[in-house]
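Student: Residues per chain are reported as follows:
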Amino acid sequence: MSKKTQKTDEQLIAAFQGGDETAFVELVDRYKDRLVNFVYRFLNDMTDAEDLVQETFLKVYKNKHAYREIAKFSTWIYTIAGNLARSELRKRKRRKTYTMSSLSYDDNEFTAVDTDKDTEGIVFNSYAGEEIMKAIHNLPEPFKTITILRDIQELSYEDISTILDIPMGTVKSRVNRARLKLQETLSYLRE
Amino acid sequence: MQNNECVYISDQFTDYRENTLSSEIKAKVDAHLAVCSPCRNIFQELENVLDTLHKLPLHQARPDFTKALLSRIDDIDQESLWHKFSHSTVSKVAGYAIAAGLVVALGLNMLIDPISPIDPNGKRSFTEEQMNQSVTPESLAEQADSSNNQQADSLALHHNAINPTGSSLQLVSDTK
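These protein sequence lines map, in sequence, to chains C and E.
With the numbering used here, the residue at position 74 of the first sequence is 74, and numbering never jumps.
With the numbering used here, the residue at position 176 of the second sequence is 176, and numbering never jumps.
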């Protein structure tokens with residue numbers, strides 16, 4: 001009896017390029033949760049994350065012939081989603097800058113981030129996930145992306161290198177630096 | 001960080017965790033961590049952060065995510081079909097043909113009957129019938145009489161409706 005083998009992502013996208021729309025639906029089902037989770041870590045908003053992942057799939061649908069089997073499908077789709085997420089973050093940053101600059105000095109006092117956290121009860125070796133997510137969100141852009149890809153999505157260094165189009169050595173050193181920055185940011189929890 | 005060696009050791013942390021260091025460098029890191037408590041603390045904190053990151057709950061797309069996406073794709077497909085049609089040669093030719101047909105139809109109509117348009121029922125209009133009738137002084141007088149009689153009937157009916165006894169009407173009529 002022959003065991004039914006699951007098609008690879010690359011076989012599915014090839015089938016979709018050949019006109020098989022069910023292959024596209026299967027790819028959506030395979031990647032929707034992973035991508036929503038990935039984008040959510042950037043945007044910190046579930047509705048926006050889902051909208052952006054829909055945009056990602058729409059881009060795949062419209063540009064299916066742009067995919068060439070020189071890269072893995074996963075790196076291709078992560079690249080699209082990552083680019084859209086970063087672009088959305090830039091837009092938000094511009095909007096935020098505008099909003100902040102249009103406030104008076106007194107208003108700014110009220111909207112400033114409260115850094116005096118009540119850390120009572122937070123044991124250092126059992127971090128609250130929320131605190132970590134805030135810290136990731138506040139990391140400089142290259143470190144944020146690399147932390148999400150490596151430490152949350154658990155992608156390989158090779159895949160990250162392809163997605164970000166940077167050498168593997170740079171990926172590794174950036175991962176290390178990002179982790180140290182994260183640790184440094186969160187060190188207040190220990191005090 | 002304490003010194004250059006601490007910086008060098010911390011640079012190795014990721015590979016150290018993932019066991020990808022050469023045995024020589026791994027031994028160096030082990031030896032350093034054994035004697036440098038700040039680096040040991042940093043490494044321990046890093047481990048804790050990564051443990052928590054790996055345990056973060058996974059978010060899932062809403063149940064109707066795929067359905068909603070496919071519906072958006074259907075809309076786009078329909079738009080693009082219309083877009084393709086509206087920009088295709090066939091649609092342009094069809095448009096020109098319809099325009100040419102209209103021009104020809106109007107032109108023929110003008111040739112057949114240059115004065116009046118054809119009414120929807122295919123009959124000649126009332127004005128045209130009037131124009132085709134021969135107009136004589138007798139017929140004009142006849143038309144004027146019939147028109148006056150109609151106006152008088154209409155006035156009488158109106159006055160009766162206002163005053164059924166007809167007294168004041170009679171008075172007015174008498175004065176006339």
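Treat the hints as calculated values from the structure; they're not laboratory data.
Any given hint might turn out to be false.
Said to hold, decoys possible - The calculated lysine-lysine pairs, modelled on BS3-like cross-linking and capped at a C-alpha distance of 25 Å, are: (1) K59(C) / K67(E); (2) K134(C) / K72(C); (3) K134(C) / K55(E); (4) K67(E) / K64(C); (5) K93(C) / K64(C); (6) K181(C) / K72(C); (7) K72(C) / K59(C); (8) K67(E) / K172(C); (9) K181(C) / K55(E); (10) K28(E) / K7(C); (11) K134(C) / K64(C); (12) K72(C) / K62(C); (13) K64(C) / K7(C); (14) K134(C) / K91(C); (15) K67(E) / K181(C); (16) K7(C) / K91(C); (17) K172(C) / K134(C); (18) K62(C) / K67(E); (19) K172(C) / K26(E); (20) K181(C) / K28(E); (21) K62(C) / K93(C); (22) K59(C) / K26(E); (23) K93(C) / K7(C); (24) K59(C) / K93(C).
Student: The structure should be examined with respect to each hint, and the outcome stated for every one.
Tutor: Hints, one by one, checked against the model:
With a CA separation close to 17 Å, the supplied pair K59(C) and K67(E) stays within the 25 Å bound. For the suggested pair K134(C) and K72(C), the alpha carbons sit about 31 Å apart, so the restraint of at most 25 Å is broken. Between K134(C) and K55(E), the direct Cα distance comes to roughly 16 Å. Compliance with the 25 Å bound is thereby established for this hinted pair. Proximity of K67(E) to K64(C) is assessed by CA-CA distance (about 20 Å); at most 25 Å being required, the pair is judged to hold.
As the CA atoms of K93(C) and K64(C) are separated by approximately 31 Å, the hinted pair breaks the 25 Å bound. Proposed proximity of K181(C) and K72(C) is contradicted: the alpha carbons are some 30 Å apart, above 25 Å. The hinted pair formed by K72(C) and K59(C) meets the criterion: a straight-line CA distance of about 17 Å does not exceed 25 Å. Taking the CA atoms of K67(E) and K172(C), the gap is near 39 Å; set against the 25 Å cutoff, the hint is violated.
Distance check on the hinted pair: K181(C) and K55(E) sit about 20 Å apart at the alpha-carbon level, within 25 Å; holds. A C-alpha spacing of about 46 Å is found between K28(E) and K7(C), which places the hinted pair above 25 Å, so the restraint is violated. A distance of roughly 35 Å separates the Cα atoms of K134(C) and K64(C); the hinted pair therefore is violated under the 25 Å criterion. A threshold of 25 Å between alpha carbons decides the hint, and for K72(C) with K62(C) the separation of about 18 Å falls inside it, so the pair holds.
Proposed proximity of K64(C) and K7(C) is supported: the alpha carbons are some 18 Å apart, at most 25 Å. Proximity of K134(C) to K91(C) is assessed by CA-CA distance (about 19 Å); at most 25 Å being required, the pair is judged to hold. For the hint pairing K67(E) with K181(C), the CA-to-CA distance comes to about 41 Å; that exceeds 25 Å, so the pair is violated. For the suggested pair K7(C) and K91(C), the alpha carbons sit about 38 Å apart, so the restraint of at most 25 Å is broken.
Distance restraint check for K172(C) and K134(C): the Cα-Cα separation of roughly 23 Å lies within the 25 Å cut-off, and the hinted pair is therefore satisfied. For the hint pairing K62(C) with K67(E), the CA-to-CA distance comes to about 17 Å; that is within 25 Å, so the pair holds. A distance of roughly 17 Å separates the Cα atoms of K172(C) and K26(E); the hinted pair therefore holds under the 25 Å criterion. With a C-alpha separation of about 23 Å, the suggested pairing of K181(C) with K28(E) holds against the 25 Å cut-off.
At roughly 29 Å between alpha-carbon atoms, K62(C) and K93(C) are farther apart than 25 Å, so this suggested pair is violated. Only pairs whose Cα atoms come within 25 Å are accepted, and K59(C) paired with K26(E) is rejected, the gap being roughly 45 Å. A distance of roughly 41 Å separates the Cα atoms of K93(C) and K7(C); the hinted pair therefore is violated under the 25 Å criterion. About 24 Å separates the Cα atoms of K59(C) and K93(C), which keeps this hinted pair within 25 Å; it holds.
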